[in-house]
Amino acid sequence: MTSTAPRTVIQPDGAAKPRDVGLSDKELIHAYRTMLRVRAFDETCLKLQRSGRIGFSIPNRGVEATQVGAAAALKKTDWLFPSYRDFGMALYHGISAEAMMHNMYGDALDSAKGRQMPVHFSFTDPIRFFSISSPIGTHIVQAVGAAYAMQYRKEKHVVLASFGDGGTSSLGFHSGLNFAGVWKAPVIFLCQNNQWAISCPSEKQTASDGYAVKAEAYGMPGVLVDGNDLLAVHQAVSEAAERARKGGGPTLIEARTFRMGGHSTSDDPTKYVPKAMVAEWEKKDPVARFEKFLKKRKLWTEKQREQWYAEAMAEVDAASKAAQATPRPALETIFSDVYATLPAHLRRQGQQAFDIAKRHGEAEAGDGAFPL
Amino acid sequence: MTSTAPRTVIQPDGAAKPRDVGLSDKELIHAYRTMLRVRAFDETCLKLQRSGRIGFSIPNRGVEATQVGAAAALKKTDWLFPSYRDFGMALYHGISAEAMMHNMYGDALDSAKGRQMPVHFSFTDPIRFFSISSPIGTHIVQAVGAAYAMQYRKEKHVVLASFGDGGTSSLGFHSGLNFAGVWKAPVIFLCQNNQWAISCPSEKQTASDGYAVKAEAYGMPGVLVDGNDLLAVHQAVSEAAERARKGGGPTLIEARTFRMGGHSTSDDPTKYVPKAMVAEWEKKDPVARFEKFLKKRKLWTEKQREQWYAEAMAEVDAASKAAQATPRPALETIFSDVYATLPAHLRRQGQQAFDIAKRHGEAEAGDGAFPL
Amino acid sequence: MATLTLIQAVNDALRTAMKNDPNVLVFGEDVGPKGGVFLATEGLTKEFGEKRCFDTPLSEDGIVGAAIGMAVNGLKPVAEIQFQDFIFPAFDQIVSEAAKLRYRSGGQYTCPMVIRTPYGGGIRGGLYHSQSGEAYFCHTPGLKVVVPSTPHDAKGLLLASIQDPDPVLFLEPKALYRSVKGEVPEGNYTVDLSTLRTVREGKDVTVICYGAMVPVCERAAARAAERGIECHIVDLRTLYPLDEDGVLEAAKRTGRVVVVHEAPRFCGYGGEISALIAENIIEYIEAPIARVTGFDTPFPNTLEHHYMPDERRVLDAIEHVAAY
Amino acid sequence: MATLTLIQAVNDALRTAMKNDPNVLVFGEDVGPKGGVFLATEGLTKEFGEKRCFDTPLSEDGIVGAAIGMAVNGLKPVAEIQFQDFIFPAFDQIVSEAAKLRYRSGGQYTCPMVIRTPYGGGIRGGLYHSQSGEAYFCHTPGLKVVVPSTPHDAKGLLLASIQDPDPVLFLEPKALYRSVKGEVPEGNYTVDLSTLRTVREGKDVTVICYGAMVPVCERAAARAAERGIECHIVDLRTLYPLDEDGVLEAAKRTGRVVVVHEAPRFCGYGGEISALIAENIIEYIEAPIARVTGFDTPFPNTLEHHYMPDERRVLDAIEHVAAY
Ligand SMILES: Cc1ncc(C[n+]2csc(CCOP(=O)(O)OP(=O)(O)O)c2C)c(N)n1
Ligand SMILES: Cc1ncc(C[n+]2csc(CCOP(=O)(O)OP(=O)(O)O)c2C)c(N)n1
Ligand SMILES: [Mg+2]
Ligand SMILES: [Mg+2]
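In the order they appear, the protein sequences are chains U, E, D and B. Adding 261 to a residue's 1-based position in the first sequence gives its number in the working numbering. Adding 261 to a residue's 1-based position in the second sequence gives its number in the working numbering. Adding 953 to a residue's 1-based position in the third sequence gives its number in the working numbering. Adding 953 to a residue's 1-based position in the fourth sequence gives its number in the working numbering.
Since the hints were derived computationally from the structure, they do not count as laboratory data. Take the hints with a grain of salt, since some may be wrong.
[What the hints assert, rightly or not] The calculated DSSO-like cross-link candidates involving lysine-lysine, where the alpha carbons are at most 27 Å apart (straight line), are:
id : chain 1 : residue 1 : chain 2 : residue 2
1  : D       : K1004     : U       : K465
2  : D       : K972      : U       : K465
3  : E       : K564      : E       : K308
Just need the whole structure built from these sequences, with the hints factored in.
Shown next, in the form of structure tokens:
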């Protein structure tokens, strides 16, 4: 689409250019294993959805390098304002597959208390992984407010806001980038251009020459990077983060990649994605590409991969079993957290819900007394 | 603000470059006289507001060349989606000072039936001068829809959407330019950068290098033009219109100018506009600049100016007197035009309003029977 | 007459309108080749070309704003908002612009357009794929708000909305998309936008409802009948402007009223119905005017079956007012 | 205690909050050097610097969206929307985000923030500088909606709103900005966000109102008193969550109720009040529950005095229900 070529680090032969990729061997392996865990989580969720165990999932195949490369450039004291397709960012930073799985099941141990659809994660520990919202783009400008707070308190932290190509058409993109530019806020805007917004291809999303060029409209640097090259994404995000920590303001990064699956488990991409395009991108698989690099560095063997993948699968399986064994959220979770304190009218409505549930012998009602 | 210099046509000595300015002598004089009429209208409204005859006005001083230059590039079959500070566009195309004055008074002959604040004009004849809305930016994307309709019917007309520097931060700007780019809609976006959005200076509005550069984000040409140079504005809009008529799609034009007065009659600009800035721009007066050009073409003398200005004043005076002599809108105008047909509940509410007015002997109620 | 699901009836209405009037355009997110996430627009791009049925960028503000401009300039846009929950970025365009244009321009400019959008719960969509926002729009003079509950009405009301000279918000109960079927006439016909539909006659309790709550109320009424309570059910269909006379008439019949909707109760649509009755015919009313609604919380996910009014809650209310 | 106008009380509240808590920030369009179009923020940039009181780009979506992010990350933003009519571009951020964040994140993220905005008619502002949009927000669980009617309450309610752990929409009746004066304590104090205020006691008719309608109702009550009708007036102050017990208590006192607001009637806030009463204490009610409201049209300009409820219309309603 764009005339400019995206930045890369991993060369066709697997060599890195520059050689110093800014990540230790340990970190490189952690990044790689995280990608395997994303795949394991992704594939498991697709299966769970097909078998009716969970209601919905969002395929992550194809975009793992973008997520993990970006996450690897951040510290635990930074904040993430992620999208629903960011399994890798959570896993990289130590959010457990089990915590995520409780969300997929919407059970009593889900940190969002079963209120949101699957993949709408929300975590505060070990990194601030901000509560995901369905409305596209709203979080982009919120991220700028969070970054302003860091700037105001003179902290050296940054915020990463992650969104899709479709997200660039949203209101939050426009106001977010505009405010960030004026405020020189320490925020990195990561546009994961996976070429599709559900069924809408990029050429119907915008007439601009890619997405990185949109940075100029907001007076900030725009960087186009190969999103299937974990190290290139890491490099671009690291540079942007360093600039932001030093007071240099925001950056827009476009990571060009491809969504190999459907938009979600409700979507049939064969209706609109040209087969040739899928075949083309299949060859650019981000995991295989990173393996080539690792192999050249002697950090990878096929056997090692199998072991790691088996471990990832075991972890995800255990997570899924744990979630499955967890009951539904308690009935009072319908009424709590609307406000810090339960107002009188919600106490009345809650009691009503308990009365009905009790009358009909539904387990959630316990003794029928509203507990809040 | 911008590193690039704005396009000009009128040189410091009054010569035009290129010599062929694309307007006949008759049109040049009409454009000039329109600027004088804008001034007359503007000054009269300020006086009427100060004396309490009208509630509100919007100073146009300083931006006349942008308005009139742009208007002169359009045909009567084109559409205008103007802003509240576009007196010149209306006057140039034959909307009478009297029609405008009825709006300033909100009287029974106001084409908007006294429902809107002053300066919120709405006309359909002799040109489509779209109903002005207070919310900033909403009309920008509406203009794109109107342009799509032209394209759909294969008409060779264009739409001009006019808005301020502040308007570029609005939602309608982002969605409007984005949709227009994708649709290649025949629309010209005219950003009148008068340097202020009420009290907000451009550097707090955006970090971009001016406003024309925002075009790239939407895949369209961006043109920076000297807004105090009527011919430069005319040239830029003419080029954009020609491209649009040929199917070449939209253009964003930034006309750099300066708002010499307050934002509105409710505003005190001395609280925030640096004096030096006003002095600097005073020297760039767009009317004086155009006079220099006309004089060089032997189309202008001081005496002629005086006569034309007196005529403009007489026209505006007469308009104001006519409006003043016009009664308020009829009471039923509160209830009509909510829908094409008056629904039952509004008939009841209308009758109630008439009953009260009648009981209190208010003239608008007539015999107290709701007439719709 | 064919037997269609509600979503098929919507599709049929769009196809009929596009056939009859070349100015009718359909657009929104994923409505083109994909045919819409619920398949409301399936086949339309193929049949009418991509100038008439097409995908837009991801901006509801843009979709509605552009639709207004098209309508102003002679087209008949029928815009889709993918879920009603995502209409809020377009709220300004709807409330400040579409609703007020005729008025503020003294009738010089108008925008006959339709915004279609699926609303309501029942698909485990959580906070953002389940909401019922009708009250936001019914407080906005200049708009019309329409909600069908049967395939027949879905087609007839949608065709009437497309032919209407004013902007119409057409809310489709997504829970009924495939769960109700009914006979739908072929070709063009309209259902009047100013009269409610009597679903069932009864002398004991009047139940006022619309959209996805209509079948819920019907089931509750069937159970009430077993207990000797005869319900009179009306389906409002056009929520705004409302058939007020029809509502008052129905309420007078029994003097006992239950109003049902999915949206939160506080400042919900049901409040207006109660208020109308309490203001105009209180002398006929023999029991508290009951409301059965969603709770005043965001819409939950796992526990949505406890959140949404169901036939048990409606029945409780019917019995309560009947016994009063 | 100083005697202040309502707008001075707002300014005083902001200054007090900023002095007490370095995390309190004030921003919006023209709130910096200009001091706000109504001068609510006058002097704050000078006193607290432009990191704490500053102008933003012209985007309400941006103002509210950024405020949410600040609140999430430890600040106490007090954002101004220049006119309530211009809040709609931020509707999505308010309704989908601020209101639902605590809930959807299971309480992990919260946004204690205040959005202040002038609302209502009376300044010849026409369609877009006169609206009263409270009903849109009071239908949104997770939000609080507050409307003062006196300088004392304006300061105390605003300080309470700033200290509140949840997002508060603070609607300021611009018609009262300079037309009411009253004693205002110095320094920090709060007015509770969950109780209404009894403005006047009476045994014949209960008048329920808020904001700019309070003085209108007081004048109507004074005239009713001349005719031997004693009104009981309550000023709701916090519209959402509402002091429902207080409302029902006030309504029971007289059994005759008039609800007054400026916004259009249909699906307006008054409908909820009528419905609450008709649902919970209908046995106490002896007359139609009357509403006096703006008409169901956009807000006109030249004829706004015919549009807005005035003491004549309120008096008519009082007499009507008193005589029933
Ligand atoms: C405001 C809004 N409109 C529409 C939707 C429905 N929707 C969900 S995801 C999506 C496409 C998003 O595409 P993109 O931003 O490219 O992200 P991707 O899914 O490709 O990662 C749409 C239209 C939504 N969630 N929010
Ligand atoms: C959505 C919205 N927000 C705020 C306002 C209040 N307001 C009126 S004019 C204005 C500034 C507009 O500046 P600009 O776009 O540069 O136009 P100019 O007045 O300079 O011609 C503002 C903030 C408004 N009318 N609409
Ligand atoms: Mg995408
Ligand atoms: Mg300006």
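Here is what the structure says about each hint:
no. : hint              : verdict
1   : D/K1004 to U/K465 : holds (13 Å)
2   : D/K972 to U/K465  : holds (26 Å)
3   : E/K564 to E/K308  : holds (25 Å)
Of the numbered hints given earlier, the model fails none.
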